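Chain by chain, the residues run as shown.
There are 2 protein chains.
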Amino acid sequence: MQIVDLDLLEKFNRLKGAAGTHSPSIATLRSELPELEIKVDACFLSNPYATELFLKYFNEELLSTNEINKVLEFYPSQNKEISKSVAKHLDIDPDQIFIGNGATEIIQAILHNFVKGKVVVNIPTFSPYYEFVTDDSEVVYYSLKKEDNYRLNSKHYVEFVKKTKPQAIVIINPNNPDGGYISNADLLFILNELKDVPNIILDESFIHFAFEDSSMHLPSVVREVSNLQNVYIIKSMSKDFGIAGIRCGYAIMPKDKVAHLLKNGFLWNSSGLAEYFFRLYTREDFLKEYEIVRKKYITESLFFITELGQIPKIKVYPTKANFVLVEILNGVSSQDITVSLLLNYGIYVRNCSDKIGLQGEFIRIASRNKDENEYIVRSFKDLFI
Amino acid sequence: MQIVDLDLLEKFNRLKGAAGTHSPSIATLRSELPELEIKVDACFLSNPYATELFLKYFNEELLSTNEINKVLEFYPSQNKEISKSVAKHLDIDPDQIFIGNGATEIIQAILHNFVKGKVVVNIPTFSPYYEFVTDDSEVVYYSLKKEDNYRLNSKHYVEFVKKTKPQAIVIINPNNPDGGYISNADLLFILNELKDVPNIILDESFIHFAFEDSSMHLPSVVREVSNLQNVYIIKSMSKDFGIAGIRCGYAIMPKDKVAHLLKNGFLWNSSGLAEYFFRLYTREDFLKEYEIVRKKYITESLFFITELGQIPKIKVYPTKANFVLVEILNGVSSQDITVSLLLNYGIYVRNCSDKIGLQGEFIRIASRNKDENEYIVRSFKDLFI
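Residue numbers (the working numbering), protein chains in the order written: chain Z, 1 to 385; chain X, 1001 to 1385.
No wet-lab data here; the hints were simulated from the structure.
A quick note: this is a predicted structure, and the numbers were derived from the prediction, not measured.
Don't take each hint at face value.
[As the list claims (entries may be wrong)] PhoX-like mimics (lysine-lysine), calculated; alpha carbons at most 20 Å apart, straight line:
hint, chain 1, residue 1, chain 2, residue 2
1, X, Lys1084, Z, Lys116
2, X, Lys1011, Z, Lys84
3, X, Lys1016, Z, Lys263
4, X, Lys1155, X, Lys1116
5, Z, Lys263, Z, Lys84
6, Z, Lys116, Z, Lys11
7, Z, Lys70, X, Lys1295
8, Z, Lys70, X, Lys1056
9, Z, Lys16, X, Lys1263
10, X, Lys1084, Z, Lys11
11, X, Lys1162, X, Lys1116
12, X, Lys1070, Z, Lys370
13, Z, Lys116, Z, Lys163
14, Z, Lys16, X, Lys1084
15, X, Lys1056, X, Lys1295
16, X, Lys1118, Z, Lys56
17, Z, Lys162, Z, Lys116
18, X, Lys1056, X, Lys1011
[Said to hold, decoys possible] Pairwise CB distance ranges (calculated):
hint, chain 1, residue 1, chain 2, residue 2, range
19, Z, Glu212, X, Gly1117, 49 to 57 Å
20, X, Tyr1141, Z, Tyr141, 42 to 50 Å
21, Z, Glu212, X, Lys1118, 37 to 45 Å
22, X, Glu1138, Z, Lys155, 21 to 29 Å
23, Z, Arg223, X, Lys1118, 18 to 26 Å
24, X, Glu1061, Z, Glu224, 43 to 51 Å
25, Z, Leu329, X, Gly1117, 52 to 60 Å
26, Z, Phe303, X, Arg1283, 21 to 29 Å
27, Z, Thr282, X, Asp1382, 53 to 61 Å
28, Z, Lys145, X, Thr1164, 31 to 39 Å
29, Z, Glu291, X, Glu1061, 33 to 41 Å
[Stated by the list, open to error] So these bits of chain X aren't anywhere near chain Z, every CB distance computed over 12 Å:
hint, residue
30, Pro1048
31, Glu1052
32, Lys1080
33, Asp1091
34, His1112
35, Phe1132
36, Asn1153
37, Lys1163
38, Cys1248
39, Lys1257
40, Leu1267
Note that the Cβ used here is the ideal one computed from N, Cα and C, for glycine as well.
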């Protein structure tokens, strides 16, 4: 394993430091390190076929008609107006829908407005869930166990939460960064057992990549839990619809919570393009095509992850998301593997050394398109065999 | 004055009710009332020549290169990264810059995080300044006087604030909805007298349309006050740069305030297009062209407002913004004038009947492009002469 360019390495490490617990974005890397050739951005948890699909509609409906000019020039509709589209799609009362400028805005809004006191966060996790809490909150970590492959043990978790008596709990399903999936049955068991927890934040941002059987039916529990008065379901659109640059997300929550948030803020927090996307999201023609690329991507990701699992000196953790947690077993640090992949192969993966709750050397690898996935597998074979 | 279509009138009134204190957006009107032909959106406070300029760059640099695909697909840079562009343009420490998803997000962030207790708001005003305050705040209204043409009397205002001892004050310059301008000298006098007010929110969202003399030099006080520890300068990009659909704004504030906001939120609150715009905002080629369209628009607006001022039965209030407050003096309500302009002439103006602090029947009219402004003048002559 040879580091090709120490100068580049030094610059990369500096950028990584500046980005805190998140990876420097590809835009930052491209502008600050133009000499670096990035062939595959495998940090990026997004369905590339969904991006292609969105771009097809974007080209046909906004670019070739010049509608894009209006989308950029004029004020978009307000939060309550856009929520109607999403409500129609989900068949849920629009007063229960809160539209966000990406899911991170929604995480922030919930944690800042409704969560005071103890909040149970399962680790490893997506860091905003503990970074965004206010000074009035105390994060209590629930450690997912390495011997369970970081999968949540529902009964043990329920006991822990009942004993801890928190004001809020956070469940990401499938979980980030390990992709661990909680079945519908287990999740409904948890929600039923924890009716006394005032705030249950359920993040389904990766649910479009999960499945319970080969029908690949979307396993979201939105319909089952939307009437519960203590549950918030958070949904990023960036990953499953491949449009991270647009910043779209929404949450389903009790009406009084939506009303509280809209009472003194969040008026014009969607861009014109976000509004266009949300209108697409309720259209049958788009959704029919989306369903095809969702299943195609799940299938290809399954093949990719299975191939990675054959490679020696690494352990591939079970996942039902569009990424995989990989433990490095050959004694090399995750940082050195990350840098080597980037500088020698042009593959950008997520070094998980800053993820609390992981024991060992871990990287996270996103499934990309078929060619890119094959290139990742070839490069890993080159590196580890 | 004839109402052409009662059915349309009823539908319009319903939409207006649903949008609260803001006008229904043009997008909402277009989608909910497709039978209505809107010829001029004179609600919309935006430089149309700046939109054209932005679209020229957007076409050349994002569309014809296909860079747009990356802008939509990938995560934009984080707040701190984007603030560097703005800091470079303003020649201010990047740690003093907070990037917002439109100015309304920044108003919300400041009011929710730093303002508790009394806040003095001058009325008439932009409603989020009193709507977005939290339950810990008490809004104290300072009434701009009709006999002063709603212009701020600096000495009287300073006395009022000193007596009131608020925790925060809000000054919009030029003010919305009347366009009243506070000169640099008066503003620096106010800031100097009110050093003991913990939070001074200075909204310069319309400053690019203001001028002190025929050189039309930008009269922003950013450079003079950026070192003050009690001042926040808020800047929308929607109006002066004609890109309301992108949602871009920023604020200049003391470093510890920016650090507080970024400590637990506002991580990825800019879209890819917002990031592209902020990069443009620091480029000399773009800014040179922008300066030309800024001055062209100011000049045309001056002619437009002067023409309107000649029309009988209305009073045109003095303004240094890109809009004008107009009082209806012929006994007809502002609501009837608004509806008549919309349904008979296709001109959408802002009915100010919901604006607190105005005494009489008022509408607000935006300056648009030359042809549209001429059409507005012709229609007004038709309506009032």
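*Go through the numbered hints given earlier and state which of them the structure violates, listing their numbers in rising order.*
1, 4, 6, 7, 16, 18, 21, 22, 23, 26, 27, 28, 30, 31, 32, 34, 35, 38, 40
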